[in-house]
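As given, the protein sequences belong to chains A and B, one line each in that order.
Numbering-wise (numbering that gives the first Met the number 0), the first sequence opens with residue 0 and increments by one.
Numbering-wise (numbering that gives the first Met the number 0), the second sequence opens with residue 0 and increments by one.
Calculated from the structure, these hints are not laboratory results.
Backbone N, C-alpha and C fix where the C-beta goes; we use that ideal spot for every residue, glycine too.
Accuracy of the hints is not assured; some may be wrong.
What the hints assert, rightly or not - To list a few chain B residues with every Cβ distance to chain A over 12 Å, as calculated:
id, residue
1, Ile62
2, Leu113
3, Leu145
4, Ala158
5, Ile159
6, Arg217
7, Gly239
8, Tyr240
9, Gln249
As the list claims (entries may be wrong) - Partial list, computed: chain B residues near chain A (C-beta under 10 Å):
id, residue
10, Tyr28
11, Leu101
12, Asp102
13, Tyr107
14, Lys110
15, Leu112
16, Ser117
17, Ser285
18, Arg289
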Amino acid sequence: MSNQSPTVAERLWQELAAPAPQHDRDQGLAIEGHSLVKHFGEIKAVNGIDLRVRPGQVFGFLGQNGSGKTTTVRMLTTLLRPTAGNARVAGFDVLAQDRQVRRAIGVALQEAGLDILQTGRELLRLQSRLYNVPRGQIEDRVAHLLDVVDLTEDADRRIGGYSGGMQRRLDLASALVHSPSIIFLDEPTTGLDPVSRQNLWEYIQRLNREDGVTFFLTTQYLEEADQLCDEIAILDAGEIVQQGTPDQLKATVSADVIYVQVEGDERAQLRAVSALLPLPNVEDANWDFSEGIAVYSKSGHDTLPRVVRTLDEEGLPFSNLRLSRATLDDVFFKATGHRIEPGDPSGQTAGQTAGQSTGQQTQGGPA
Amino acid sequence: MSTAQAPTELPSSASQDAGPLRILTDARYLAMRAIRESLRQPGVEITNIFIPLFFLAVSTGAIANFSERGFGVENYLAFQLPVAVLQAVAGSSSASGIAIVLDMERGYFDKLLLTPASRWSLIIGRVWADAVRAIFFASIMLIAALVAGSGMATGVGGAILILIIAGLFGGAYSGIGIFIAMRTGNAQAAQAGFLLFFPLLFMAPAFAPLAVFDDWLRIIATINPVTYIMEGMRGLVMEGYAWPITEGGQIVFGEDGLPKTKDPPALHWAFVSLAGFSVFTLTIASLALRARTRAD
Numbered sequence: 000m001s002n003q004s005p006t007v008a009e010r011l012w013q014e015l016a017a018p019a020p021q022h023d024r025d026q027g028l029a030i031e032g033h034s035l036v037k038h039f040g041e042i043k044a045v046n047g048i049d050l051r052v053r054p055g056q057v058f059g060f061l062g063q064n065g066s067g068k069t070t071t072v073r074m075l076t077t078l079l080r081p082t083a084g085n086a087r088v089a090g091f092d093v094l095a096q097d098r099q100v101r102r103a104i105g106v107a108l109q110e111a112g113l114d115i116l117q118t119g120r121e122l123l124r125l126q127s128r129l130y131n132v133p134r135g136q137i138e139d140r141v142a143h144l145l146d147v148v149d150l151t152e153d154a155d156r157r158i159g160g161y162s163g164g165m166q167r168r169l170d171l172a173s174a175l176v177h178s179p180s181i182i183f184l185d186e187p188t189t190g191l192d193p194v195s196r197q198n199l200w201e202y203i204q205r206l207n208r209e210d211g212v213t214f215f216l217t218t219q220y221l222e223e224a225d226q227l228c229d230e231i232a233i234l235d236a237g238e239i240v241q242q243g244t245p246d247q248l249k250a251t252v253s254a255d256v257i258y259v260q261v262e263g264d265e266r267a268q269l270r271a272v273s274a275l276l277p278l279p280n281v282e283d284a285n286w287d288f289s290e291g292i293a294v295y296s297k298s299g300h301d302t303l304p305r306v307v308r309t310l311d312e313e314g315l316p317f318s319n320l321r322l323s324r325a326t327l328d329d330v331f332f333k334a335t336g337h338r339i340e341p342g343d344p345s346g347q348t349a350g351q352t353a354g355q356s357t358g359q360q361t362q363g364g365p366a
Numbered sequence: 000m001s002t003a004q005a006p007t008e009l010p011s012s013a014s015q016d017a018g019p020l021r022i023l024t025d026a027r028y029l030a031m032r033a034i035r036e037s038l039r040q041p042g043v044e045i046t047n048i049f050i051p052l053f054f055l056a057v058s059t060g061a062i063a064n065f066s067e068r069g070f071g072v073e074n075y076l077a078f079q080l081p082v083a084v085l086q087a088v089a090g091s092s093s094a095s096g097i098a099i100v101l102d103m104e105r106g107y108f109d110k111l112l113l114t115p116a117s118r119w120s121l122i123i124g125r126v127w128a129d130a131v132r133a134i135f136f137a138s139i140m141l142i143a144a145l146v147a148g149s150g151m152a153t154g155v156g157g158a159i160l161i162l163i164i165a166g167l168f169g170g171a172y173s174g175i176g177i178f179i180a181m182r183t184g185n186a187q188a189a190q191a192g193f194l195l196f197f198p199l200l201f202m203a204p205a206f207a208p209l210a211v212f213d214d215w216l217r218i219i220a221t222i223n224p225v226t227y228i229m230e231g232m233r234g235l236v237m238e239g240y241a242w243p244i245t246e247g248g249q250i251v252f253g254e255d256g257l258p259k260t261k262d263p264p265a266l267h268w269a270f271v272s273l274a275g276f277s278v279f280t281l282t283i284a285s286l287a288l289r290a291r292t293r294a295d
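So that you can see chain A by itself, here it is in the shape it has in the complex (with noise of 0.2 Å):
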């Protein structure tokens, strides 16, 4: 097959075709977003987004289920039409342009996109046709696609027995048949096991850093934002609410957290937090239902003493104490008032699987 010369019609077709305009790297952003915003009837899952994503960045989405991520990736990706705002990818327009746009780029949507019954090297041929990829390099492509993501042995399988993990591998591979300058992953990891978690961390580090790759992911994994982005936007009910480099974020909050669970009801923890804002390094002090209080301080080692003096004065029992450095959950629980709880990935909310499927858009919900 792949020594196999053009037919007369691809032939014909390649003298009437223009070239596709290349997305110039140098010039202008990979992604840009303004405005954006989506809504489901009543329901306003996108609420006024602006984007500004660099070639070769990996620019992470983090938030929890609900917060707009997913219908963010589907506004940017062509799937759904904006309610207001706008949005360039790879320099072309997500509603003018859009096949130019879908050419540019690749996706990897949260729940793996599949055909049961074709095996998993007939699903990358039929992928890399419809990108037009030539005739001549298919085979090559597809196999060794299939040797990146571990698929190999079971490429002749039919998809319909294989495990998640591998389902969400070849997804993955079906995203990258056309070598994309712009990569979509909406939760890629989600319901991996560590290993291929970790392998496909570093596929992605390896595309980006060897090939330039612009990736844009969403999660709900602090640590998988933390190590992969050079970039990261935190998104509570649709709104942008913080967003920087992972250090920049980190400086957002004091350099310690000092946590402590205080016993009694919610006027004895209000009664806490206020005894200990005034304490001198302590830059904010906060009460969540499940971990107790935090106490945000320049210098952890000095506040915790009086942290446990104070507390004593105000005769408030209190429990695990604990001091540790700040981290990207502090920040997001300074930023939207709660912690970050990543779903189960087979049980997810009501709001996020609409609008999922192509099939919900119009009465879907934020996703």
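Starting from the known structure of chain A, arrange chain B on it as the hints suggest.
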């Protein structure tokens, strides 16, 4: 995952724009995938063979003995053959709607929408596959009826024409399944695409000639495209080619502006009806696809 070398950029031809030729090329790939899908689910397809053959056998067994006395049809098996063909074709073409809904549910439809392939190639690919499948199922009906002794007044040429009509009807009927799938995204609704065929079938001269129908049913049957498609095939099986009447080497036209034939309704009406039916079903399917992919 292995640590294989990262892929390099493909030549620019890997991302050429779409055009009419590209749409047809993509449609062919998608049609091949749809046909492969059928070959891998033989159990599903057997229904499309068994049900029409069963109806052919029992209706012929029940009515053949008095069809000549009752309404002047001597060879009732031949009379029923087009019904079996249409039923098999409608059954197989309805499956497209269900297949599309399954693609949607599995997220594969989105994957196809994310490729640069034209949206139209998604429809054309399905229609193309259904036309091929229709010819296959019609062949089985033809062979079964011929083996059972239906005869074929127009010989091999007529049989080929019947297969062409079946293919066109299959392609046209898949538009209904696609329309339902696009509008509802619901497998049960898509399944009902086949049920829509029964009113079309029973309000056509499926079991008795139009001449014995009550007036109200005859009126409905005369505006039913399936009547003409069925009668066109029936003429090929039972009577012969309905050539246009000529006088002095000139084709004679009737008051309706169409060529007069020696025994209307004739074959050309079958093709006219097929064209109208196709335009209708494929237009609603295209509009439904457009509405869905606009995704407002």
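For each hint, the structure was consulted:
The non-interface label for Ile62/B is consistent with chain A: the shortest C-beta to C-beta separation is roughly 41 Å, beyond 12 Å. At roughly 5 Å from the closest C-beta of chain A, the C-beta of Leu113/B falls inside 12 Å, breaking its exclusion from the interface. For Leu145/B, the non-interface assignment is confirmed: its Cβ lies about 33 Å from the closest Cβ of chain A, beyond the 12 Å cut-off. For Ala158/B, the requirement that its beta carbon stay farther than 12 Å from each beta carbon of chain A is met, with the minimum near 31 Å.
With a closest Cβ-Cβ approach of about 27 Å to chain A, Ile159/B is found to remain outside the 12 Å limit, as its non-interface label requires. No beta-carbon of chain A is positioned within 12 Å of the beta-carbon of Arg217/B; the least distance is around 41 Å. For Gly239/B, the shortest C-beta to C-beta distance to chain A comes to about 40 Å, beyond the 12 Å cut-off, and the non-interface label holds. For Tyr240/B, the non-interface assignment is confirmed: its Cβ lies about 36 Å from the closest Cβ of chain A, beyond the 12 Å cut-off.
No Cβ of chain A comes within 12 Å of the Cβ of Gln249/B; the nearest lies about 42 Å off, and the non-interface call holds. A hinted interface residue such as Tyr28/B counts as satisfied when its beta carbon comes closer than 10 Å to some beta carbon of chain A; here the least separation is about 5 Å, so the hint holds. The closest approach between the C-beta of Leu101/B and any C-beta of chain A is roughly 9 Å, which is under the 10 Å cut-off, so the hint is satisfied. Hint status for Asp102/B relative to chain A: holds, with the closest Cβ pair at about 7 Å, below 10 Å.
Look at Tyr107/B: its Cβ gets to within about 5 Å of chain A, closer than 10 Å, so that hint holds up. A cut of 10 Å between beta carbons decides the hint on Lys110/B: the least distance to chain A is about 4 Å, and the hint holds. About 6 Å separates the beta-carbon of Leu112/B from the nearest beta-carbon of chain A, less than 10 Å, and the hint is met. For the restraint placing Ser117/B at the interface with chain A, the shortest Cβ-Cβ distance is roughly 8 Å, inside the 10 Å limit, so the hint holds.
At a threshold of 10 Å, the smallest CB-CB gap from Ser285/B to chain A is about 16 Å, leaving the interface hint violated. For Arg289/B, the interface hint is violated, the least distance from its beta-carbon to any beta-carbon of chain A being 12 Å, above 10 Å.
Comparing the model with each earlier hint shows violations of hints 2, 17 and 18; every other hint is respected.
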